[in-house]
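Participant: Assemble the whole structure, with the sequences as input and the hints as a guide.
Chain by chain, the residues run as shown.
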Amino acid sequence: MRTLIVMTSFALSCAADLALAQHNHGAPAAGTRPADAAPAPGGRPGGGRPSGMREWTRQPLLLGRPVKDDRAAALITARGLTAGGITVYAADGPAEARKREFAIDAEGARIEAVAPKTGNYHWVLAREESPELVKVASTAWYFGNPGDGPTDMLATPKHELEIVPSPLPREHRSYREAEKWKFLVRYHGQALAGQALAMETEFGSRTQAVTDANGIATLVFPRDFKQPPKGDGESEDPRARGRFVLVTEKEDGGKRYLTAFNYSYTQDPERSRSLGWGAAFGILGMVAATPLLRRRQQAQGDKDHA
Amino acid sequence: MLETLFPTLSRVRFVVQLAMLFLTVYGSVVVGTYAADKITGALPALSCAYDQANGAYCVLVPTQHQVHHRIGMAMVQAQQLTTQMVLPLLMVLLTFFAFFFVIGKAFCGWVCPLGTLQEWVGKIGRRFGFGVRRFEKGDLGEVKRIRPVKWVVLLGFVFLLPLLTGLGVTPHSLGNPYCDICPSRIATTLLTGNTEELALRINDGWKFGLGATANVLIGFMLVGGLALRLPFCRICPLLAFNSVFQRLSPMRLSKPTRASCGSCHICTDACPMDIPEISSAEGRKAYNEDCTLCGRCVEYCPQDKVIELKWGPLALFGSSRAYYKAKVARELPDGTVKPLKFVRNAAKPATADA
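The listed protein sequences derive, respectively, from chains S and G. Each residue of the first sequence is one higher than the one before, counting from 0 in numbering that gives the first Met the number 0. Each residue of the second sequence is one higher than the one before, counting from 0 in numbering that gives the first Met the number 0.
Simulated from the structure, these hints should not be mistaken for laboratory data. Using N, Cα and C, we set each Cβ at its ideal position, and we do this for glycine too. A few of these clues could be false.
To be verified - Reference listing, derived: stretches of chain S covered by chain G, where coverage requires no fewer than 3 residues with Cβ under 8 Å from a Cβ of chain G:
id	segment
1	125-131
2	193-201
3	268-277
4	283-290
To be verified - Each pair of labels, with its calculated beta carbon distance range:
id	chain 1	residue 1	chain 2	residue 2	range
5	S	E54	G	L189	38 to 46 Å
6	S	A177	G	F244	40 to 48 Å
7	S	R238	G	L159	42 to 50 Å
8	G	F244	S	Q226	40 to 48 Å
9	S	H187	G	T194	52 to 60 Å
10	S	A105	G	V28	52 to 60 Å
Facilitator: This is how it looks when you write it as structure tokens:
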């Protein structure tokens, strides 16, 4: 028995070590469901409806879309600010490659994962600066290959006034209608208490939250999602994404800092699901199993009588 | 000290199952939000990726994903075969095997959250006086009749349908069909207070049908599990998946030929999977494809060192007559224990009437 207990402890510690060793593996591309992880237009964080739609905000935005046949690249365009380039931070890879600059051309900026086979979240930002104003647009982009989690990357200050998701949605998850999510606002790396954080969505909702003593603002995503128009015979796409942007501003030393973080969110899954039907089929399964209970008791009773 | 805390193998397994249930259902609390995604996508246990609080997830998720999105689509495009078809699937299988190597099929009997839940449902059934139903002649029929089902589920729902979907033959809704019928998806998400997976998708006929199947299975498991031990494990594709590699892991059940084995069949009575071979066969055949390495057969073997749990040459736990006597005094081989007091009281008048 002692051998078994020792071996069990050893096996579990091996499994734990192995688990951590596997830290970078098994990460298919982001999606709301495991098999929905295939690259899909607008299906990536930072994406949303195809470009060319009406302008829904005057805030600075970074809009992205996947590059066909290249899981390690994305095309980012900046709106609402004039920036010469895009800065990309990675959580993984060689130290010198964790912060890189990509030039913007007519098509936008083609950004790349820190290494062709290293993915996960990358932090993307563009900056416009004048003597009076520093305007920053930021977003996150999920490359569909394995890579380190973004904890340290998000914890590292990158510019003056920042909006930091706490946390970003996990794999197979997204921001969704009616859910509460937290965002940290910090200034020069320090949490900023009492700071207003405004949210705008592409469906017209406007809301605001104020950070607590720890610099955390809690926002409830509005229940405003509208499915894109669908053709005859097409069903709703539960993976369709809408855009939102968070904005915060601060004046300091005669200079105004405006920072935005934009990303995508999806509809409340309960809209296309029925708990009633689910419960009904669950009960059906229970009813189907009841003969297993009844018949055995009868057989046992017969045995007792005998 | 250790032997006071863990007097039996069952107690050790109970504690391990409890810890693993926590890790596989709520593990992100311990390992962190992002690390939880990355611990593994190749766990040889039904730890569901739909559960947003878990600490790892099941090998069947990336397997279906690779077959659907990589193999099927790459076959259609007929290009970059090596990098797009072989490597991704190989990586998943290698990662899976790296995990599997440590404790082999004990992932089923010691780690899988759905197995743990089913066992606990069974314990409740015993406490409430429900008699055990068995796959054997005279009750539910021979266990061999149900064994092929898990292979059909593995080949059909984990490989074939995702492949056909990747090839464009079947609709996109059939891209991860096993996840859609998996009762662990519902059980583990309900344990986190999330009813989303219990709810059925109503805008997609295929998803509705597959989801309804999962709901029927979980309902059947919750009630049927009161009498039938491990009802879902018997058709679980992960048990089939693990059994493909069971000879490659050093962790195994050992029953060499011994004259002292009296073929009393107590080990089969104790086996929650109703495996007759553990009593009727020896050597490799005794370590059957359905075995989850739970160790109950070892605990309930009344002969010294006839059955052993081994890791390589190391004997982790062996049967002994003294252990058997102590064990059987607390619980009968089929799991029967003293029912709860009110159940006994309720049974008394009926007996008196008879």
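Participant: So, against the hints stated earlier in the document, which numbers end up violated here?
Facilitator: Numbers 1, 2, 7, 9, 10 - these are the hints that the structure violates, sorted from lowest upward.
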